[in-house]
Amino acid sequence: MGSASNDQQHKNFLLSKIATNHGHGEDSPYFDGWKAYDKNPFHPTNNPGGVIQMGLAENQLCFDLIEDWIRRNPQASICTTEGVKEFKDTAIFQDYHGLPAFRQAVAKFMGKVRGCGVTFDPNRIVMGGGSTGASELITFCLADPGDAFLVPSPYYPAFDRDLKWRTGVQLFPVICESSNDFKITKAALEVAYQKAQEANINVKGLMVTNPSNPLGTILDRETLQSIVSFINEKRIHLVCDEIYAATVFSNPKFISIAEIIEGDDTCNRDLVHFVYSLSKDMGFPGFRVGIVYSYNDEVVNCARKMSSFGLVSTQTQHLIASMLSDDEFVERFIDESANRLATRYKVITRELGKVGIECLKSNGGLFCWMDLRKLLKEPTAEAEMELWRVIVHDVKLNVSPGSSFHCSEPGWFRVCFANMDDETMEAALKRILNFVGKLREAEVPSGIGIKSFKSNLRLSLSSSRRIEETIMSPCILSPRSPLVKAKT
Amino acid sequence: MTMGSTSSDQQQKQLLSKIATNHGHGEDSSYFDGWKAYDNNPFHPIQNPNGVIQMGLAENQLGFDLIEDWMRRNPQASICTAEGVKEFKDTAIFQDYHGLLAFRQAVAKFMGKVRGVTFDANRIVMGGGSTGANEMLTFCLADPGDAFLIPSPYYPAFDRDLRWRTGVQLLPVVCESSNDFKITKDALEVAYQKAQEANINVKGVMITNPSNPLGTILDRETLQSIVSFINEKNIHLVCDEIYAATVFDEPKFISIAEIIEGDDTCNRDLIHIAYSLSKDMGFPGFRVGIVYSYNDEVVNCARKMSSFGLVSTQTQHMIASLLSDDMFVERFITENANRLAKRYKIITGELRKVGIGCLKSNAGLFCWMDLRKLLKEPTVEAEMELWRVIIHDVKLNVSAGSSFHCSEPGWFRVCFANMDDETMKVALKRIQNFAIRRKPFRSNLRLSFSARRMDEAIMSPCIMSPRSPLVSART
Numbered sequence: 001m002g003s004a005s006n007d008q009q010h011k012n013f014l015l016s017k018i019a020t021n022h023g024h025g026e027d028s029p030y031f032d033g034w035k036a037y038d039k040n041p042f043h044p045t046n047n048p049g050g051v052i053q054m055g056l057a058e059n060q061l062c063f064d065l066i067e068d069w070i071r072r073n074p075q076a077s078i079c080t081t082e083g084v085k086e087f088k089d090t091a092i093f094q095d096y097h098g099l100p101a102f103r104q105a106v107a108k109f110m111g112k113v114r115g116c117g118v119t120f121d122p123n124r125i126v127m128g129g130g131s132t133g134a135s136e137l138i139t140f141c142l143a144d145p146g147d148a149f150l151v152p153s154p155y156y157p158a159f160d161r162d163l164k165w166r167t168g169v170q171l172f173p174v175i176c177e178s179s180n181d182f183k184i185t186k187a188a189l190e191v192a193y194q195k196a197q198e199a200n201i202n203v204k205g206l207m208v209t210n211p212s213n214p215l216g217t218i219l220d221r222e223t224l225q226s227i228v229s230f231i232n233e234k235r236i237h238l239v240c241d242e243i244y245a246a247t248v249f250s251n252p253k254f255i256s257i258a259e260i261i262e263g264d265d266t267c268n269r270d271l272v273h274f275v276y277s278l279s280k281d282m283g284f285p286g287f288r289v290g291i292v293y294s295y296n297d298e299v300v301n302c303a304r305k306m307s308s309f310g311l312v313s314t315q316t317q318h319l320i321a322s323m324l325s326d327d328e329f330v331e332r333f334i335d336e337s338a339n340r341l342a343t344r345y346k347v348i349t350r351e352l353g354k355v356g357i358e359c360l361k362s363n364g365g366l367f368c369w370m371d372l373r374k375l376l377k378e379p380t381a382e383a384e385m386e387l388w389r390v391i392v393h394d395v396k397l398n399v400s401p402g403s404s405f406h407c408s409e410p411g412w413f414r415v416c417f418a419n420m421d422d423e424t425m426e427a428a429l430k431r432i433l434n435f436v437g438k439l440r441e442a443e444v445p446s447g448i449g450i451k452s453f454k455s456n457l458r459l460s461l462s463s464s465r466r467i468e469e470t471i472m473s474p475c476i477l478s479p480r481s482p483l484v485k486a487k488t
Numbered sequence: 001m002t003m004g005s006t007s008s009d010q011q012q013k014q015l016l017s018k019i020a021t022n023h024g025h026g027e028d029s030s031y032f033d034g035w036k037a038y039d040n041n042p043f044h045p046i047q048n049p050n051g052v053i054q055m056g057l058a059e060n061q062l063g064f065d066l067i068e069d070w071m072r073r074n075p076q077a078s079i080c081t082a083e084g085v086k087e088f089k090d091t092a093i094f095q096d097y098h099g100l101l102a103f104r105q106a107v108a109k110f111m112g113k114v115r116g117v118t119f120d121a122n123r124i125v126m127g128g129g130s131t132g133a134n135e136m137l138t139f140c141l142a143d144p145g146d147a148f149l150i151p152s153p154y155y156p157a158f159d160r161d162l163r164w165r166t167g168v169q170l171l172p173v174v175c176e177s178s179n180d181f182k183i184t185k186d187a188l189e190v191a192y193q194k195a196q197e198a199n200i201n202v203k204g205v206m207i208t209n210p211s212n213p214l215g216t217i218l219d220r221e222t223l224q225s226i227v228s229f230i231n232e233k234n235i236h237l238v239c240d241e242i243y244a245a246t247v248f249d250e251p252k253f254i255s256i257a258e259i260i261e262g263d264d265t266c267n268r269d270l271i272h273i274a275y276s277l278s279k280d281m282g283f284p285g286f287r288v289g290i291v292y293s294y295n296d297e298v299v300n301c302a303r304k305m306s307s308f309g310l311v312s313t314q315t316q317h318m319i320a321s322l323l324s325d326d327m328f329v330e331r332f333i334t335e336n337a338n339r340l341a342k343r344y345k346i347i348t349g350e351l352r353k354v355g356i357g358c359l360k361s362n363a364g365l366f367c368w369m370d371l372r373k374l375l376k377e378p379t380v381e382a383e384m385e386l387w388r389v390i391i392h393d394v395k396l397n398v399s400a401g402s403s404f405h406c407s408e409p410g411w412f413r414v415c416f417a418n419m420d421d422e423t424m425k426v427a428l429k430r431i432q433n434f435a436i437r438r439k440p441f442r443s444n445l446r447l448s449f450s451a452r453r454m455d456e457a458i459m460s461p462c463i464m465s466p467r468s469p470l471v472s473a474r475t
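Line by line, the protein sequences are chains V and C.
If you read the first sequence in my numbering, its first letter stands for residue 1, the second for the next number, and so on.
If you read the second sequence in my numbering, its first letter stands for residue 1, the second for the next number, and so on.
Keep in mind the hints are simulated off the structure, nothing from the lab.
A hint or two may mislead.
[What the hints assert, rightly or not] DSSO-like mimics (lysine-lysine), calculated; alpha carbons at most 27 Å apart, straight line:
1. C:Lys373 x V:Lys88
2. V:Lys253 x V:Lys346
3. V:Lys112 x C:Lys89
[Stated by the list, open to error] Cβ pair distances, simulated, as ranges:
4. V:Lys17 x C:Arg331: 45 to 55 Å
5. C:Gln196 x V:Glu177: 51 to 61 Å
6. C:Lys342 x V:Pro41: 51 to 61 Å
7. V:Pro41 x C:Lys18: 41 to 51 Å
8. V:Ala342 x C:Asn22: 47 to 57 Å
9. C:Arg72 x V:Asn47: 38 to 48 Å
[As the list claims (entries may be wrong)] Just a sample of chain V residues kept apart from chain C, beta carbon distances all over 12 Å, derived:
10. Lys17
11. Gly49
12. Asp89
13. Lys112
14. Val113
15. Pro173
16. Ser178
17. Ile201
18. Ser229
19. Phe230
20. Glu233
21. Met323
22. Asp335
23. Ala338
24. Glu351
25. Val390
It should be emphasised that the depicted structure is a prediction, and the values quoted were computed from it without experimental measurement.
Glycine included, C-beta positions come from ideal geometry on N, C-alpha and C.
All chains should be built: construct the whole structure from the sequences, respecting the hints.
Structure follows, in structure tokens:
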């Protein structure tokens with residue numbers, strides 16, 4: 001890179017550090033999966049041999065219900081004959097408090113999803129540019145550059161961008177392991193906190209995603225209480241990303257941090273904050289409805305001012321206000337969505353189970369956490385990547401490898417199941433079954449070096465390298481960042 | 001306002017970030033008076049004819065009849081109508097930060113029609129309103145501690161948008177009434193030198209063209225002079241052209257795009273445009289911010305960064321439809337300009353009748369009113385005193401020049417596109433009555449300007465977009 005490097009230097013000098021570092025997280029070997037899908041996307045009739053997208057956590061199961069509601073409620077739009085009289089007032093409304101009807105509807109929806117009489121105060125609802133903007137916003141409010149947030153791993157890869165890129169804040173993983181179903185333990189929290197202290201890093205808070213991405217599990221009451229007591233003791237913030245709250249599809253019942261707080265007088269509420277969004281629960285990632293909810297008045301005030309950088313379009317606020325105020329629709333939607341997710345989950349885990357592939361037992365999210373550890377040549381990140389490439393290029397399924405979620409144990413894969421129709425789901429399952437079947441037949445070192453099926457899953461993982469560097473798969477970042485130009 | 005330093009306040013301060021507890025949001029200011037006054041007593045022609053008239057908000061409300069008519073005739077623009085709902089799902093799940101292609105194409109075409117230059121749809125990047133777009137560009141171009149030069153008077157919220165979370169500084173390039181507030185090469189050099197002496201790294205120049213609050217446009221000579229300045233210093237030029245389609249009279253608007261296209265010597269990697277539909281179309285609520293850069297690396301980086309403030313696809317879909325309608329767009333641009341021209345003529349004409357002059361301008365949603373001779377003395381304090389009188393006695397919420405960092409006291413920005421004709425008449429009558437009652441302190445306008453220049457960040461929340469009323473939202 002002779003003179004090109006001079007150009008590069010010149011360009012680098014021209015732009016900011018933020019612009020020229022890799023904080024956006026898209027320089028990674030995981031482009032393979034996305035490229036493979038973009039070049040050869042599956043279509044049941046036009047391209048049945050294409051790559052099936054199982055790396056995108058989208059909820060596409062209930063649009064029939066939503067479209068039906070839209071048809072029956074033209075007043076929800078400011079563009080219909082019934083709604084256009086509100087066009088002007090909506091178009092000029094730029095108050096960062098947001099439309100009161102919007103805040104009330106969102107607060108009510110959040111309450112319904114969490115049940116148990118948990119109520120949310122519309123005056124604490126603050127908007128963010130999608131959950132991406134909301135997560136960044138709360139970080140800007142709570143931490144200075146160089147400060148750190150603890151994050152239980154495995155975790156959503158885009159947190160590395162959302163919480164760190166422009167804020168200058170660091171993330172410290174709290175290692176969770178399969179030996180206890182990846183539960184967040186007090187011990188693990190303490191270890192991470194101590195590590196930070198020793199490195200002279202100021203920990204400002206703990207970020208938990210509940211239900212978990214990528215695990216799909218929910219935190220039990222004991223864990224939640226233990227987390228609350230930990231953050232109170234250390235006097236650090238707790239940010240709960242509950243973006244998957246309404247995707248809980250079977251027991252145990254979801255327990256929101258709100259429920260824990262309401263029943264606990266000892267907790268310092270100034271430390272507790274939510275991030276929420278309609279992207280997963282409703283299936284509306286395009287509408288950029290991000291929410292910050294804080295029990296800390298000063299944070300609400302500051303976040304509200306800061307929300308100017310990413311308010312929700314009033315056209316969308318208007319629609320959401322209408323839709324989520326319809327109690328009957330909301331209740332029916334929440335139930336039906338859970339049912340359909342449960343069905344998908346049952347089907348996929350059952351079929352995988354038939355060929356000896358287990359998933360972590362989960363009851364939320366739009367994915368399952370698949371255990372392919374016994375298919376690894378050896379319990380290393382490299383072996384996981386090798387297996388992943390086989391799955392992407394040979395089996396033609398774009399699933400997401402655990403290392404992209406900073407999972408400490410190689411061999412786990414996140415498989416999304418709510419972003420496709422039944423037919424595609426069947427095709428995907430058939431491929432997995434065929435793939436595993438072929439491996440069984442081989443039972444000798446094949447392309448991926450399988451020696452035999454280990455029936456004992458308790459692998460010794462002390463030799464496996466913990467994944468700590470920032471590896472991200474663009475196909476699991478929201479918003480999506482396809483390499484090639486947008487297709488539509 | 002200083003917080004009582006109780007120990008719990010102290011603890012609270014440490015709990016939150018520096019950004020959260022500094023005043024970078026810009027809303028702690030004595031200018032709350034104007035907003036409070038309006039909120040406590042808002043004018044209504046029938047219900048409250050003596051209330052405060054809002055003339056501090058630069059909104060374009062003059063073209064909604066045309067837009068609403070188009071909406072009625074084009075149900076497919078919405079994903080909620082019977083005609084459009086079949087696109088609901090694909091639109092709702094589309095989260096690609098490139099944005100809908102049709103949206104980018106329509107916006108590029110619209111920008112082109114307004115300027116008479118072509119724009120590349122692939123350089124269009126979204127931002128969370130122009131607020132988000134401006135911040136995003138700053139994040140891409142400058143590091144904390146770096147500075148942007150900015151001609152004053154300027155839009156007050158730049159202090160928040162360009163500085164608050166970015167840590168970037170703003171250094172004013174002082175423009176003066178003696179030459180109609182033109183941006184001179186000298187003033188640019190002075191500001192640049194000052195920065196050098198203070199060891200501050202200047203990364204770029206930020207101009208707003210047409211200007212807020214002046215309502216004037218930059219002539220070709222000034223634009224070329226600015227371009228040569230930034231090329232010479234190898235610093236960026238960001239042009240906020242948010243008022244491009246509000247140019248209602250000659251001379252014709254010249255976009256930086258036009259200058260660039262005709263100039264091979266300019267380093268295009270230094271040129272960026274911030275845009276929005278908030279003023280031209282009157283859609284501040286829809287948060288349609290745009291970043292357009294001639295620098296490929298900036299486009300790529302900004303696009304990734306736009307994840308923090310994408311435009312709702314529901315809105316992208318509608319805008320794509322609206323702005324692809326060539327006939328509507330051409331008619332709207334023309335009619336919008338006509339209506340603004342009319343308002344401008346009326347207001348400046350009526351003001352002139354009582355001896356109040358405005359800076360000669362041909363764009364924007366406001367005029368820059370000269371009340372220097374009504375000041376007790378040419379100081380900021382006198383300006384604030386006069387401002388309070390206008391708010392509380394005359395009951396007009398206009399914006400004081402000091403809030404725009406104007407170096408000369410006595411100028412006020414008066415918005416005229418956010419109200420109907422009737423309200424405009426009432427407002428004018430009040431001004432005229434006031435002007436007649438209040439005798440000028442000095443008839444000689446050639447004031448000596450040893451008056452203190454405004455350097456601190458004083459901002460009026462009522463002129464910041466998005467709005468930040470003290471009280472809760474009313475609707």
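Hint check results:
no.: 1; hint: C:Lys373 x V:Lys88; verdict: 39 Å, violated
no.: 2; hint: V:Lys253 x V:Lys346; verdict: 17 Å, holds
no.: 3; hint: V:Lys112 x C:Lys89; verdict: 24 Å, holds
no.: 4; hint: V:Lys17 x C:Arg331: 45 to 55 Å; verdict: 47 Å, holds
no.: 5; hint: C:Gln196 x V:Glu177: 51 to 61 Å; verdict: 56 Å, holds
no.: 6; hint: C:Lys342 x V:Pro41: 51 to 61 Å; verdict: 54 Å, holds
no.: 7; hint: V:Pro41 x C:Lys18: 41 to 51 Å; verdict: 46 Å, holds
no.: 8; hint: V:Ala342 x C:Asn22: 47 to 57 Å; verdict: 48 Å, holds
no.: 9; hint: C:Arg72 x V:Asn47: 38 to 48 Å; verdict: 41 Å, holds
no.: 10; hint: Lys17; verdict: 5 Å, violated
no.: 11; hint: Gly49; verdict: 24 Å, holds
no.: 12; hint: Asp89; verdict: 7 Å, violated
no.: 13; hint: Lys112; verdict: 20 Å, holds
no.: 14; hint: Val113; verdict: 19 Å, holds
no.: 15; hint: Pro173; verdict: 22 Å, holds
no.: 16; hint: Ser178; verdict: 31 Å, holds
no.: 17; hint: Ile201; verdict: 15 Å, holds
no.: 18; hint: Ser229; verdict: 18 Å, holds
no.: 19; hint: Phe230; verdict: 16 Å, holds
no.: 20; hint: Glu233; verdict: 15 Å, holds
no.: 21; hint: Met323; verdict: 10 Å, violated
no.: 22; hint: Asp335; verdict: 20 Å, holds
no.: 23; hint: Ala338; verdict: 19 Å, holds
no.: 24; hint: Glu351; verdict: 25 Å, holds
no.: 25; hint: Val390; verdict: 28 Å, holds
Violated hints, listed in ascending order, are 1, 10, 12, 21; each of the other numbered hints is respected by the structure.
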